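Asker: Sequence:
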Amino acid sequence: MPIRMTRQVTRRDLAALTGGFLVSTRAVAQTQTETQPLTRAIPTSGERIPAVGLGTAYVFDDNNEATRSKADAIVQALIKNGGRLIDTASTYGDAESVLGQVTATAGLRDKLFLATKLESPDARELKRSLARLKTASVDLLQLHNVRSKQQSLERFREWKKQGLCRYVGITSTFRRDYPALEAVLEREKPDFVQIDYSLDNRGAEKAILPLAAEIRAGVLTALPYGNGRLFKAVRGKELPDWARVFANSWGQFFLKYLLADSRVTAVIPGTGDPSHMTDNAGAMRGPLPDPDQRRRMIEFADSL
Numbered sequence: 001m002p003i004r005m006t007r008q009v010t011r012r013d014l015a016a017l018t019g020g021f022l023v024s025t026r027a028v029a030q031t032q033t034e035t036q037p038l039t040r041a042i043p044t045s046g047e048r049i050p051a052v053g054l055g056t057a058y059v060f061d062d063n064n065e066a067t068r069s070k071a072d073a074i075v076q077a078l079i080k081n082g083g084r085l086i087d088t089a090s091t092y093g094d095a096e097s098v099l100g101q102v103t104a105t106a107g108l109r110d111k112l113f114l115a116t117k118l119e120s121p122d123a124r125e126l127k128r129s130l131a132r133l134k135t136a137s138v139d140l141l142q143l144h145n146v147r148s149k150q151q152s153l154e155r156f157r158e159w160k161k162q163g164l165c166r167y168v169g170i171t172s173t174f175r176r177d178y179p180a181l182e183a184v185l186e187r188e189k190p191d192f193v194q195i196d197y198s199l200d201n202r203g204a205e206k207a208i209l210p211l212a213a214e215i216r217a218g219v220l221t222a223l224p225y226g227n228g229r230l231f232k233a234v235r236g237k238e239l240p241d242w243a244r245v246f247a248n249s250w251g252q253f254f255l256k257y258l259l260a261d262s263r264v265t266a267v268i269p270g271t272g273d274p275s276h277m278t279d280n281a282g283a284m285r286g287p288l289p290d291p292d293q294r295r296r297m298i299e300f301a302d303s304l
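Our numbering applies: residue 1 is where the sequence shown begins, and numbers increase by one.
Any given hint might turn out to be false.
[As the list claims (entries may be wrong)] Listed below are the simulated DSS-like cross-link pairs for lysine-lysine, each with C-alpha atoms no more than 27 Å apart in a straight line:
{"hint": "1", "residue 1": "Lys149", "residue 2": "Lys134"}
{"hint": "2", "residue 1": "Lys134", "residue 2": "Lys70"}
{"hint": "3", "residue 1": "Lys149", "residue 2": "Lys206"}
{"hint": "4", "residue 1": "Lys80", "residue 2": "Lys70"}
{"hint": "5", "residue 1": "Lys189", "residue 2": "Lys127"}
{"hint": "6", "residue 1": "Lys160", "residue 2": "Lys149"}
{"hint": "7", "residue 1": "Lys189", "residue 2": "Lys206"}
{"hint": "8", "residue 1": "Lys189", "residue 2": "Lys160"}
{"hint": "9", "residue 1": "Lys160", "residue 2": "Lys134"}
{"hint": "10", "residue 1": "Lys111", "residue 2": "Lys134"}
{"hint": "11", "residue 1": "Lys111", "residue 2": "Lys161"}
Derived from the structure by calculation, the hints contain no laboratory data. Everything numeric in this text was worked out from a predicted model, so none of it was measured.
Start from the sequences and build out the full structure, keeping to the hints where you can.
Answerer: Set out below in structure tokens:
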């Protein structure tokens, strides 16, 4: 009987269908656990941030006790395992409010690299986001879902000068809008660009990643699991032996494909499970696939 999911196939489903084979039974080399988490430099400043973060779409949507408790455990797992980056948005339901309450209650704000997104350069929207997040400023403020080549970051830069954010960025997860994204990216030269990029959705490699490198923009990859498609594709399959030299789970396999491209600053998978956050963070440790292994990963994904 197929799994019915409203949004995506989850690790929990995958583990159930593979007899619990989420994590490889082969032990990870001791040196992997002893290494420092992978960090990447933000091109415009040189500041380094951990390469695996947390996305908050869907799982933090409802501001209730159960969601806040879950969010607290996930954020604590992120920090415990060397992460700092959390990405949210004004349009993610109650996610900003949930995140703000969790970080304020636990005194975590200074331990985080906090990013949010606005649909437009609206001062009222920014004020509301900062109030929800219970912070005077964010680390990264992004113009969400760029759709027009004429969109500007002028207001965002004004807010940056005022100390309301430290970096500015743009985002799109819709391929039809990539021409507009490319135009704004080239003209506005933001600190960051956030895109839809995964092992089974490699279109960004053709234009967005080269352009980002050219203008020195950091790259955040949303939907690194292909919105659940990748977990669905490997349902019932064990991690190949050749992949276990660099990955300890399917999640790490998918994330490390992206991180093996040095143009990617950080991946931001969402999760509703603290143990999955821990597993995701494991992608910051141990070797990354080399070019030959990466080509093999593509061949494997294309064969699914």
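Asker: Confirm or reject each hint.
Answerer: Here is what the structure says about each hint:
At most 27 Å may separate the alpha-carbon atoms for a hinted pair to count; Lys149 and Lys134 exceed this at roughly 33 Å. With a C-alpha separation of about 19 Å, the suggested pair Lys134 and Lys70 falls inside the 27 Å cut-off, and the hint holds. With a C-alpha separation of about 19 Å, the suggested pair Lys149 and Lys206 falls inside the 27 Å cut-off, and the hint holds. Pair hint Lys80 plus Lys70 holds up; C-alpha atoms about 15 Å apart against a cutoff of 27 Å.
For the given pair, Lys189 sits about 25 Å from Lys127 by alpha-carbon distance, which is consistent with the 27 Å threshold. Under the criterion of a C-alpha separation no larger than 27 Å, the hint pairing Lys160 with Lys149 is consistent with the structure, at around 22 Å. At most 27 Å may separate the alpha-carbon atoms for a hinted pair to count; Lys189 and Lys206 meet this at roughly 18 Å. Using a Cα cut-off of 27 Å, the hinted pair Lys189 and Lys160 holds, with the two alpha carbons roughly 14 Å apart.
A C-alpha spacing of about 18 Å is found between Lys160 and Lys134, which places the hinted pair at or below 27 Å, so the restraint holds. Restraint check: the Cα-Cα separation between Lys111 and Lys134 comes to about 14 Å, which is no more than 27 Å; the hinted pair holds. Between the alpha carbons of Lys111 and Lys161 the distance comes to roughly 23 Å, so the proposed pair stays at or under 27 Å and holds.
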